[in-house]
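Based on the sequences and whatever the hints tell you, model everything.
All residue numbers in the sequence shown are consecutive under our numbering, ending with 119.
I should point out that these hints are in silico values taken from the structure, not numbers from a laboratory. Do not rely on the hints blindly, as some may be mistaken.
[Stated by the list, open to error] Keeping only pairs whose Cα atoms sit at most 30 Å apart, straight-line, the calculated DSBU-like set for lysine-lysine is: (1) Lys-118 x Lys-11; (2) Lys-69 x Lys-5; (3) Lys-49 x Lys-36; (4) Lys-69 x Lys-14; (5) Lys-86 x Lys-118; (6) Lys-36 x Lys-86; (7) Lys-14 x Lys-118; (8) Lys-106 x Lys-118; (9) Lys-106 x Lys-13; (10) Lys-83 x Lys-69; (11) Lys-13 x Lys-49.
[Claimed, not checked] So the derived label-pair ranges between C-beta atoms look like this: (12) Gly-103 x Ala-64: 13 to 21 Å; (13) Thr-65 x Gln-24: 35 to 43 Å; (14) Ala-87 x Ser-21: 15 to 23 Å; (15) Arg-18 x Ile-70: 25 to 33 Å; (16) Arg-18 x Lys-86: 27 to 35 Å; (17) Ser-4 x Gly-88: 37 to 45 Å; (18) Ala-53 x Leu-100: 20 to 28 Å; (19) Lys-86 x Lys-11: 33 to 41 Å; (20) Ala-64 x Phe-32: 19 to 27 Å; (21) Ala-64 x Met-1: 42 to 50 Å.
Since the model is a prediction, treat every value here as computed from it, not as a measurement. Note that beta-carbon positions come from the ideal geometry of N, C-alpha and C, so glycine has one too.
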Amino acid sequence: MAVSKQDRRTKIKKRIRRDISGTQGRPRLSIFRSNKEIYAQIVNDVDGKTLVAASSRDKDVASATVENKIEQAALVGKAIAEKALKAGIETISFDRGGYLYHGRVKSLAEGAREGGLKF
Numbered sequence: 001m002a003v004s005k006q007d008r009r010t011k012i013k014k015r016i017r018r019d020i021s022g023t024q025g026r027p028r029l030s031i032f033r034s035n036k037e038i039y040a041q042i043v044n045d046v047d048g049k050t051l052v053a054a055s056s057r058d059k060d061v062a063s064a065t066v067e068n069k070i071e072q073a074a075l076v077g078k079a080i081a082e083k084a085l086k087a088g089i090e091t092i093s094f095d096r097g098g099y100l101y102h103g104r105v106k107s108l109a110e111g112a113r114e115g116g117l118k119f
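What follows is the structure in structure tokens.
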């Protein structure tokens, strides 16, 4: 029987999370992508706390005029980088959340790199 998209993504996500974990010195940038929006948060897995979060629903990103969701994801990446730098976070581990590294996920990662995050 064929595996559904969701089951495939969950399997990949578990494989990624086995290797990547967020610590105090190097927290994890976690991404969730829905059909309409994209969300990113920087997490310290040791304490189980979200340090910084940004999404395409934030006022500064939602009010910007963009043509497509890829440009919107780049704005979210820049926004999360800006918030992270204010919180004193420079280096992160990137968790693509089981999604392929292209399109909106790649755009968000490049936006975060342009914003000053290192990963």
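#### Entry: Pair hint outcome, Lys-106 versus Lys-118 [Cα-Cα no greater than 30 Å]
holds (15 Å)
### Task
Just tell me: holds or violated, for the beta carbon distance of Arg-18 and Ile-70 against 25 to 33 Å?
holds (29 Å)
#### Entry: Holds or violated: Lys-118 to Lys-11, with C-alpha atoms at most 30 Å apart
Holds: Lys-118 and Lys-11 sit about 27 Å apart, inside 30 Å.
### 30 Å limit on alpha-carbon distance, applied to hinted pair Lys-69 and Lys-14
holds (26 Å)
### C-beta pair Thr-65, Gln-24: status relative to the range 35 to 43 Å that was hinted
Check passed, 38 Å falls within 35 to 43 Å.
### Query
Within a Cα-Cα threshold of 30 Å, do Lys-83 and Lys-69 meet the stated pairing?
Within the cut-off at roughly 21 Å; holds.
### Query
Measuring from beta carbon to beta carbon, are Gly-103 and Ala-64 in 13 to 21 Å?
At 19 Å between Cβs, range holds.
### Query
Can the suggested window of 19 to 27 Å be confirmed for the beta-carbon pair Ala-64 and Phe-32?
holds (20 Å)
### Restraint status (C-alpha distance of Lys-14 to Lys-118 at most 30 Å)
holds (24 Å)
### Distance restraint evaluation - Ala-53, Leu-100, Cβ atoms, bounds 20 to 28 Å
holds (23 Å)
### Message
Holds or violated: the 27 to 35 Å window for the beta-carbon distance between Arg-18 and Lys-86?
### Response
At roughly 31 Å between Cβ atoms, Lys-86 and Arg-18 fall inside 27 to 35 Å, so the hint holds.
### Message
Within 15 to 23 Å: is that where the Cβ-Cβ distance between Ala-87 and Ser-21 falls?
### Response
Given about 19 Å between the Cβ atoms, the range holds.
In this structure, none of the earlier numbered hints is contradicted; all agree with it.
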